[in-house]
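Participant: Same order as they appear, the protein sequences are chains L and D. Using the numbering used here, you'd call the opening residue of the first sequence number 1 and step up by one each time. Using the numbering used here, you'd call the opening residue of the second sequence number 1 and step up by one each time.
Each hint should be verified, as a subset may be incorrect.
Stated by the list, open to error - DEER-style ranges, computed between Cβ atoms:
(1) Val65(D) x Leu205(L): 33 to 41 angstroms
(2) Glu341(L) x Thr44(D): 19 to 27 angstroms
(3) Arg293(L) x Glu97(D): 15 to 23 angstroms
(4) Val46(D) x Pro333(L): 38 to 46 angstroms
Unchecked claim - Keeping only pairs whose Cα atoms sit at most 30 angstroms apart, straight-line, the calculated DSSO-like set for lysine-lysine is:
(5) Lys221(L) x Lys7(L)
(6) Lys129(L) x Lys57(L)
(7) Lys16(L) x Lys153(L)
(8) Lys345(L) x Lys102(D)
(9) Lys60(L) x Lys200(L)
(10) Lys357(L) x Lys260(L)
(11) Lys157(L) x Lys80(L)
(12) Lys324(L) x Lys345(L)
(13) Lys349(L) x Lys102(D)
(14) Lys324(L) x Lys102(D)
(15) Lys102(D) x Lys352(L)
(16) Lys2(L) x Lys118(L)
(17) Lys104(D) x Lys349(L)
Simulated from the structure, these hints should not be mistaken for lab results. Note that the coordinates shown come from a computational prediction; the quantities given were computed from them, not determined experimentally. The beta carbon of each residue, even a glycine, is placed where N, CA and C say it ideally should be.
So you can see what is in the structure, the chains are spelled out below.
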Amino acid sequence: MKQTVFKETHEKLGAKMVEFAGFYMPIQYEGVSAEHLHVRSKVGVFDVSHMGEFTVKGPKALDLLQYITSNDVAALFPGKVQYSCFPNGNGGIVDDLLVYNIAENDYLLVVNAANIDKDWAWVSKQNEKFGAEIANISDNISQLAVQGPLALKAMQKLTDANVIDMEYYTTKTITFAGIPNIVFSTTGYTGAGGCEIYFKNEDALKVWDAVFEAGKEFDIKPIGLGARDTLRLEMGFCLYGHEIDDTITPVEAGLGWITKFVDHKNFIDKDFMLNLKANGMRKKLAGFEMVERGIPRLEYEVCDAEGNHIGIVRSGTFGPSINKSVGTAWLKPEFAKSGTEIYIKIREKLVKAVTVKMPFYKG
Amino acid sequence: MNLPANLKYSNDHEWLKMDGDVAYVGITAFAANELGDIVFLDITTVGETLEANEVFGTVEAVKTVSDLMLPVGGEVLEFNEALNDNPGIINNDPYNEGWIVKIKVTNPAEADALMDAAAYQAFIG
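Looking at chain D on its own, in the form it has when it is part of the complex:
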């Protein structure tokens, strides 16, 4: 698996793409593969401000369900509505079209504590 070098990674297998003080959040290809076919995203926190590691939603795969945690604190600005019609985008293109939420980052310095691609690669082995 090729991990994009411009992303940060959490040990809960979310990725973060910083763009000024906003950021996109999704789950890694490793996580998507572990979950299997994703069939539903339940995101109930748009408009809320959450801390790092707080649950911002739930991902349902055919066989399993898993919580989604924000890698850094921030306000949830937007959910990727395209996932309502086709949640399988996350399996096919987890790092681009498969972004899940856009957030306004509270403290960009929190992103520095996350893993870079090399560290995450080592983490998942």
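Bound conformation, chain L alone:
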């Protein structure tokens, strides 16, 4: 099992450690609900060093990225970040990712930990036709996500660059905590605001200490991956292996907004998805909330009122900020419209739920 540079730090803080995506990671420190609420109200720090990073550079970089990702990379400019997908050429998704436009002809891709090897093989294979300069730097890079309404205020103390006024989904390469060339972005997976910070492994402990020292007056706390999952689910953000995987396209998963059918962009599965849009989706991702008591979980069956199979739960939790049980499901398209009554089969009982628009948490 792999570990991040912060393993001992987490253990000293009393974290409960588990294996996640092949890494030994903190699932919680004081408790998922308390940590979740802390991020919504103040500021918390997630070790997300397990995430993967690829660099894509040179004159062929844009052509490669336009072909292998669903979003329109030409819409980026230096300093802008974009959420995107790698369609898999077979009506599915290899992974979802962030594309950072660091500078002209200089991109950083941030991919899921569980998919680093698969993604790297995929990008390398596709690049044979393009010849961009690509590198997998995942093992050298650590990352902290500092999230919450006080996050930028706290982090501003560690840099002369203006970060507090940065627009959502933008990035700067800055001197941070005295360390040059740190990639700082106003991104995250919580819907609480804040930033994500990328740095070399050898600088990691110094960054951690500086972040916690700067955040002390804001009651900054370490947050585990348990709360990361409940926070992202309240926002309806997709998690690979749950809402999206190699059996669903972005347009079926509610990710039409990052799938750009524009003339100047040819990309993998473009025609496949145009065909789905014209002739009907195979399934659709929908959010739902429980009407009757119960907690939906991954892989629970979804039925109509007569008990007929209409879909499958992809995520479910009790949401600490919304104080109700919610989930996502892949449904037959005719049941995905919000306001549809559906039933979740929980321990052989049909428990009533209703499809709703996401996000569940509306701030």
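Put chain D on the given structure of chain L with help from the hints.
Facilitator: This is chain D only, laid out in the frame that chain L set:
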């Protein structure tokens, strides 16, 4: 963790408090801590008579779900309705206010086979 000496413990991490031929059943602080924040108790067996180790309900935490097993056979008389409004009581006070069901014990001698506090302490290490 301080384990009450007047309780019996099962290797499924339930506790049993005998009171004549009725008993209270809950989960141990160790179990509650392992589960994390408890958000829902699904108890569907009130009025049923179950054997020892039969499932009498389910506990849902934020991240996990776990079956609840009766440590001894008996009739499920009552569910602690206070847990409907505030299931987190189990995390805060597992051995008192956090009791889950009250049962009429079929054979009180079955309780003798359960662990006492010292044995359970050794069991969880």
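Participant: Please verify whether Lys345(L) and Lys102(D) have alpha carbons no more than 30 angstroms apart.
Facilitator: Between Lys345(L) and Lys102(D) the Cα gap is close to 28 angstroms, so the pair holds against 30 angstroms.
Participant: With the threshold set at 30 angstroms, check whether the alpha-carbon distance from Lys104(D) to Lys349(L) stays at or below it.
Facilitator: holds, 27 angstroms
Participant: Starting from Lys324(L), check that the Cα of Lys102(D) is at most 30 angstroms away, please.
Facilitator: It holds: about 28 angstroms lies between the C-alpha atoms, which stays within 30 angstroms.
Participant: A range of 15 to 23 angstroms was offered for this pair. Does it hold for the Cβ distance of Arg293(L) and Glu97(D)?
Facilitator: This hint holds: roughly 20 angstroms between Cβ atoms.
Participant: Mind checking the alpha carbons of Lys129(L) and Lys57(L) for me, to see if they're no more than 30 angstroms apart?
Facilitator: With a Cα-Cα distance of about 15 angstroms, the restraint between Lys129(L) and Lys57(L) holds, given a limit of 30 angstroms.
Participant: Under the criterion that the straight-line Cα-Cα distance not exceed 30 angstroms, is the pair Lys16(L), Lys153(L) satisfied?
Facilitator: Roughly 29 angstroms between the alpha carbons, so the hint for Lys16(L) and Lys153(L) holds.
Participant: Taking 30 angstroms as the top limit, are the C-alpha atoms of Lys349(L) and Lys102(D) close enough?
Facilitator: holds, 24 angstroms
Participant: Run the distance test for Lys324(L) versus Lys345(L): straight-line Cα separation, threshold 30 angstroms.
Facilitator: Status holds; Cα separation ~18 angstroms.
Participant: For the pair supplied as a hint, Lys157(L) and Lys80(L), confirm whether the alpha-carbon distance does not exceed 30 angstroms.
Facilitator: holds, 23 angstroms
Participant: Between Lys357(L) and Lys260(L), does the CA-CA distance stay at or below 30 angstroms?
Facilitator: holds, 22 angstroms
Participant: Is 38 to 46 angstroms right for how far apart the beta carbons of Val46(D) and Pro333(L) are?
Facilitator: holds, 40 angstroms
Participant: Compare the distance between the alpha carbons of Lys221(L) and Lys7(L) with 30 angstroms, and conclude whether the hinted pair is satisfied.
Facilitator: OK: Lys221(L) and Lys7(L) at ~16 angstroms, within 30 angstroms.
Checked against the numbered hints above, the structure violates none of them.
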